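Visitor: These are the residues of each chain, in order.
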Amino acid sequence: MKVNLSWLKRYVNIEEDPETLAADLTMFGLNVERVEKKTPGFEGVVFGRVIEVTGHPNADNLRVCKVDVGGGTPLSIVCGAPNVRPGLGVPVAVTGAVLSGDFKIKKTKLRGEVSEGMICSQSELELGNDSSGIMELDFELAYGTDLADKLCDTEVIFDIEITPNRPDQLSHLGIAREVAAMYDRELIMPELMELRSGGDFKIEIKNGDDCPRYSAALIDNVKIEESPEWIKQDLISVGIKPVNNIVDITNFVLMEMGQPLHAFDSDRLAEYAILVRRAVNGEKIKTLDGISRELKSNNLVITDRVNTIAVAGVMGGEETEISAHTESIILESAIFNPKVIRQSRRELGLDTEASYRFERGSDIGITVNALKRACKLIEDLKAGSVKKLYSDTLDSDISVYRKMISTRRKKVNRIMGTNLSSEEIASHLEKLQLDTIVKEETVNVSVPTFRLDLNTEIDIIEEVARVYGYDSIKGEGTGLINSFPVIDSTDKRNEYLCEYLASKGYAEVITSSFNSKEDLETFGWSANDRRCNPVQISNPLTSSQSVLRTSLIPGLLGVVANNPVSERKGIRIFEMGKVFLHMNDGDGLPGEEFYLTAVLTRNSDPRQWISEERKIDYFDMKGELESILSIFNNLEDIRMVRKEEGNQKHIFQWYKKNKLLAESGKIPDETAKKYDIESKVFYFVVYLDNLERDGFTRKRYIDPSPYPAVKRDLCVMTGERVTFSEIKAVIYKNSKYLENILLFDYYKDDKPGNNKRSYTFTLNFRSEESTLKDKRIDKIIEKILRALEGQLKVFLRKE
Amino acid sequence: MIDGKIIGELEKSALEEISKAVNFKELENARINYIGRKGKITSTLRAIGKIPEEKRPEMGQLINDVKIKVSNAYEAKNSELSSGLSDKDPYPGDPTLPGRKNWQGGLHVLHKVTKEIKEIFYGMGYSLTEGPDVELDYYNFEALNFPSDHPSRDAQDTFYINRDILMRTQTSPVQVRFMEKNTPPVRIMSPGRVYRNETPDPSHSAEFFQMEGLYVDKNVSMVDLKNDLTFFVKTYFGYEAKLRFRPHFFPFTEPSAEVDMSCFVCKGEGCSVCGKTGWIEIMGAGMVHPNVFRFVGYEQDLYTGFAFGMGIDRIAMLKYGINDIRHFLNNDLRFLEQFWRQKGWE
Ligand SMILES: [Zn+2]
Chain A
0 MKVNLSWLKR
10 YVNIEEDPET
20 LAADLTMFGL
30 NVERVEKKTP
40 GFEGVVFGRV
50 IEVTGHPNAD
60 NLRVCKVDVG
70 GGTPLSIVCG
80 APNVRPGLGV
90 PVAVTGAVLS
100 GDFKIKKTKL
110 RGEVSEGMIC
120 SQSELELGND
130 SSGIMELDFE
140 LAYGTDLADK
150 LCDTEVIFDI
160 EITPNRPDQL
170 SHLGIAREVA
180 AMYDRELIMP
190 ELMELRSGGD
200 FKIEIKNGDD
210 CPRYSAALID
220 NVKIEESPEW
230 IKQDLISVGI
240 KPVNNIVDIT
250 NFVLMEMGQP
260 LHAFDSDRLA
270 EYAILVRRAV
280 NGEKIKTLDG
290 ISRELKSNNL
300 VITDRVNTIA
310 VAGVMGGEET
320 EISAHTESII
330 LESAIFNPKV
340 IRQSRRELGL
350 DTEASYRFER
360 GSDIGITVNA
370 LKRACKLIED
380 LKAGSVKKLY
390 SDTLDSDISV
400 YRKMISTRRK
410 KVNRIMGTNL
420 SSEEIASHLE
430 KLQLDTIVKE
440 ETVNVSVPTF
450 RLDLNTEIDI
460 IEEVARVYGY
470 DSIKGEGTGL
480 INSFPVIDST
490 DKRNEYLCEY
500 LASKGYAEVI
510 TSSFNSKEDL
520 ETFGWSANDR
530 RCNPVQISNP
540 LTSSQSVLRT
550 SLIPGLLGVV
560 ANNPVSERKG
570 IRIFEMGKVF
580 LHMNDGDGLP
590 GEEFYLTAVL
600 TRNSDPRQWI
610 SEERKIDYFD
620 MKGELESILS
630 IFNNLEDIRM
640 VRKEEGNQKH
650 IFQWYKKNKL
660 LAESGKIPDE
670 TAKKYDIESK
680 VFYFVVYLDN
690 LERDGFTRKR
700 YIDPSPYPAV
710 KRDLCVMTGE
720 RVTFSEIKAV
730 IYKNSKYLEN
740 ILLFDYYKDD
750 KPGNNKRSYT
760 FTLNFRSEES
770 TLKDKRIDKI
780 IEKILRALEG
790 QLKVFLRKE
Chain B
0 MIDGKIIGEL
10 EKSALEEISK
20 AVNFKELENA
30 RINYIGRKGK
40 ITSTLRAIGK
50 IPEEKRPEMG
60 QLINDVKIKV
70 SNAYEAKNSE
80 LSSGLSDKDP
90 YPGDPTLPGR
100 KNWQGGLHVL
110 HKVTKEIKEI
120 FYGMGYSLTE
130 GPDVELDYYN
140 FEALNFPSDH
150 PSRDAQDTFY
160 INRDILMRTQ
170 TSPVQVRFME
180 KNTPPVRIMS
190 PGRVYRNETP
200 DPSHSAEFFQ
210 MEGLYVDKNV
220 SMVDLKNDLT
230 FFVKTYFGYE
240 AKLRFRPHFF
250 PFTEPSAEVD
260 MSCFVCKGEG
270 CSVCGKTGWI
280 EIMGAGMVHP
290 NVFRFVGYEQ
300 DLYTGFAFGM
310 GIDRIAMLKY
320 GINDIRHFLN
330 NDLRFLEQFW
340 RQKGWE
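Protein sequence lines, in the order shown, are assigned to chains A and B.
If you read the first sequence in numbering that gives the first Met the number 0, its first letter stands for residue 0, the second for the next number, and so on.
If you read the second sequence in numbering that gives the first Met the number 0, its first letter stands for residue 0, the second for the next number, and so on.
The set of hints was computed from the structure by calculation and includes no laboratory data.
Please read all numbers here as calculations on a predicted model, not as lab measurements.
Among the clues, some could well be false.
[Claimed, not checked] Cβ-Cβ distance ranges computed for the label pairs, FRET-style:
1) A:E767 / B:R340: 41 to 47 Å
2) A:E767 / B:Y238: 40 to 46 Å
3) A:G468 / B:R340: 44 to 50 Å
4) B:T229 / A:D586: 35 to 41 Å
5) A:L742 / B:W344: 32 to 38 Å
6) B:K241 / A:E691: 34 to 40 Å
7) A:E612 / B:W344: 46 to 52 Å
8) B:T229 / A:E520: 34 to 40 Å
9) B:Y238 / A:E612: 46 to 52 Å
10) A:A786 / B:F23: 45 to 51 Å
11) B:P201 / A:S322: 42 to 48 Å
12) B:R340 / A:K710: 40 to 46 Å
13) B:W344 / A:N538: 57 to 63 Å
[What the hints assert, rightly or not] Chain B stretches covered by chain A per the calculated footprint, using a threshold of three residues with CB under 8 Å from any CB of chain A:
14) 13-20
15) 170-182
16) 315-325
Using N, Cα and C, we set each Cβ at its ideal position, and we do this for glycine too.
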């Protein structure tokens, strides 16, 4: 909210400079986000006094003045203003001064007479519109004093962030109340006109919940004209456009006391009465902004029993708007249900100063005072004659207190970590205009109607803390004695994996959780695949962010596209993150699964002088995935299952028993092209939720065998559709002491129709108990060969 | 009859032939000639049956050793021919040629910052816990004391899946989920992604990251709140950092505070980073509201506690002077790699 400092000073004495006040308010919970000072539109203008005025020899409308601006001799200045006269204090732009529009003052000659500066008018200094004559300064200053501060410090505007729980701060008086509490000073209330209740104007409210209070006053003999300058300036300074005296007064009271008022032209009412009711579906009103609006039954309206004259708490109707011809008005000061106003405001898309305040809740005790204040101003400004009666739907003398809250001293100190006495607590609260009664360990607090935020003990404790000062809260506290961290093993594993990949040359990326449906469709997943049925956002930012990702691959391909080949010769990236999959279980939330997905494309290594360039291939990707899986599992326990889906021909799923641990494959070229990627793209996904949580921290170690390994090379061939992993499985099954199998040569006959392949590998045998004898190994090899032959039709390659 | 002498001569001539080879063809010929399937050395193995049985193992071992020696020499020559590097000339005339490179990688800067923050809180006794990104309105708002249809919800533009399900706008729902299932003492931190329906600009993103913290026990007061957060800020940003706690409003804490730290750019003098105030807002905090305790079933007069939340993106931006939050999800590798290494490695 914009607060004009000089306006604020009418209600509380403030000696502090603006910066100090801003800092203090901020620490008191009213965050001053900005201090705007109206910067002077001039530079080098000083205080001077006219000491002599003589006629200009060559021009009847000019005068030659001697002006004292300090220093030795008075300046000689030619001036044409009618009000220039000896003895006058004036602003003088001396040689070197700069006025608005970069107008530099120089010593010059005007019709033959030397002029050593310029005496300025209000408009020349941009301090107002008056250009009829020079400014008359009625204060005393040393001659030659720069006037920038003196003339311009009147306008300092604070931009204060008001939290939604404090609608009482949405006015100058409300802020003044906080300043008064903060500095322990007196609050000066604005002048009110005495009005009596008992007006005969009829007000009817259909439902008291919608409109807890409606007060109104009548004004006759209205004379619509422009407001005086001070009201206009005040309103402009806080961002409100002046309209006419009546409207300006309602806005002034709004910004002063926080209560929205509305003036109806009473001659335009069909009946001389007010009825507050819900709108009928389809009911129409043309609001003040000239727009015709259709209402629904959840909108609250003000009617004159015949016509709808306003959308309650949001905006008035055009029909009863104050115009130049208005002669009498009804001034409304009412309270509306925040929820109803909020709904209307949202549906109609009408954000107004009034709706903003009603939505946050209003002081039920303020309606009549706001009328009294407006009437006082109307009378002061001679804008109309006030009938000194008001009508009201509530008894005039409702309590000034909303409720009483008893606050335990012990609880205050437990929350704050302090040791305040009940009396200290009470004295802090009294500064906020809260009345207190101390009863030993309890402070009973009476809450005035303007403090809607104070409802329970904790609300009172917050006020104590605020006045006591957060800065003053200090001590040792509980320290670390009673809680010890549990290091989450899943998190530890994930951190390890990320570091591991980073050290292997992968860049970690973070991509959006949002995808477009079309993105998912480019992968050709089958229609019943969970990935094709994403969770939809009902109010997405854009259509390309309308669903939640079911795979990290689209995001990663986007990253590849964002890093063109001209910038990156090779790409290895990964993301560890959530995907969202539809599930139909209890709470209706989608299943969130945690994936590690990597994408590899372009060159396998940096281009360099020492080796040939090579494109990333299937085995680069497979090797990386195997190295990750081997951190957690014995690779021999994992099987690869080929899966064909749509245009994706090279997908493999990696299972351990029935648990799906990973998927790997190549992105179809057509899909990659949709992302403007020309090179082959390989990917793998690790389903982290299915991986062992802490498999990489072994429970027990195994003593390395002190005995040497025995190596045997074998070369086998096959003409059948047999895979290396099948060969390996058979070998493992049939060999004791086998430590590992290392394939070092592979050959495939490319002749069409020929399926001949040969595999050459080293078998490493080792025992924990002794050095293995050759004979023993020979027997094992024989057994292996028999099994390969019998089970797979794989034969030892002959010479 | 083969004997040690013959083997020795074979070895000598094989090594000589290999070392003299000037191209792959000559080298391959040498290999086939000596250790190929019908090579001279290989053949001696087959002739081993002709020597007395008791000498066979010794001879077999000798032949095998020679075979390995020759085969090693072959490998060395092979790589010398392919790289041009040899024992005699380990760098072909220019030792300043760039070393052999692999791709370099690294963690995303937001991950890095999260990890650093996490480690500090681990050290202070906080345990890690996480919650879903897609959340029930109940946990994201209702149980955090944001009444439905209340202006306090306006500050957080929300993506909805349906009336009851939304993208969490804050990590605070994790507090509620955790307290529902655990009794105090509770000292947890919860980093994660949050979502706001805001049009992206340099300081707003529809997705960003937060770190939530919660400490509840029998005697936790505002003093503990100030102490823990002061410890964190001074550990992370340096001991000179000053803090200020100023009253604020959050529905789920009361009393609430915004936490500012002294600007590390201007040291409090005022500059463009801190908006000339000398202070930088880094987190929100406060004492857990009794209504939240009521929602999770904690005895209100038995327990007190505090909660805090900070923007990880914001902290990363402050720490590295990043002026556009959109960099984080753009993943321009030229941006990301700055947080792994210096210039000069190309
Ligand atoms: Zn600064």
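Visitor: Assuming the hint says 32 to 38 Å, is it satisfied by the Cβ distance from L742 (chain A) to W344 (chain B) or not?
Guide: Holds: the Cβ-Cβ distance is about 34 Å, inside 32 to 38 Å.
Visitor: Verify the CB-CB distance for P201 (chain B) and S322 (chain A) against the hinted window 42 to 48 Å.
Guide: holds (46 Å)
Visitor: Is the hinted range of 44 to 50 Å satisfied by the C-beta distance from G468 (chain A) to R340 (chain B)?
Guide: At roughly 47 Å between Cβ atoms, R340 (chain B) and G468 (chain A) fall inside 44 to 50 Å, so the hint holds.
Visitor: Take a look at whether the Cβ-Cβ distance between T229 (chain B) and D586 (chain A) falls inside 35 to 41 Å.
Guide: For T229 (chain B) and D586 (chain A) the Cβ distance comes to about 38 Å; the hint holds.
Visitor: Do Y238 (chain B) and E612 (chain A) keep their Cβ atoms within the hinted range of 46 to 52 Å?
Guide: Once the Cβ atoms are compared, 50 Å apart, the range 46 to 52 Å for E612 (chain A) and Y238 (chain B) holds.
Visitor: Regarding A786 (chain A) and F23 (chain B), is the given constraint of 45 to 51 Å on their beta-carbon distance met?
Guide: violated (39 Å)
Visitor: If you count the residues of the segment 170-182 of chain B with a beta-carbon closer than 8 Å to a beta-carbon of chain A, do you get 3 or more?
Guide: violated (count 0)
Visitor: Three residues minimum, CB to CB under 8 Å: does the segment 315-325 of chain B make the cut for coverage by chain A? Let me know.
Guide: Per the Cβ count (0), the hint is violated.
Visitor: Does the Cβ pair T229 (chain B), E520 (chain A) satisfy 34 to 40 Å?
Guide: Given range 34 to 40 Å: violated, Cβ gap about 52 Å.
Visitor: May I ask you to test the hint 41 to 47 Å on the CB atoms belonging to E767 (chain A) and R340 (chain B)?
Guide: Holds, at about 44 Å.
Visitor: Do three or more residues from the segment 13-20 of chain B put their C-beta atoms closer than 8 Å to C-beta atoms of chain A?
Guide: violated (count 0)
Visitor: Is 40 to 46 Å respected by the C-beta to C-beta distance linking R340 (chain B) and K710 (chain A)?
Guide: holds (41 Å)
Checked against the numbered hints above, the structure breaks hints 2, 6, 7, 8, 10, 13, 14, 15 and 16 and satisfies the rest.
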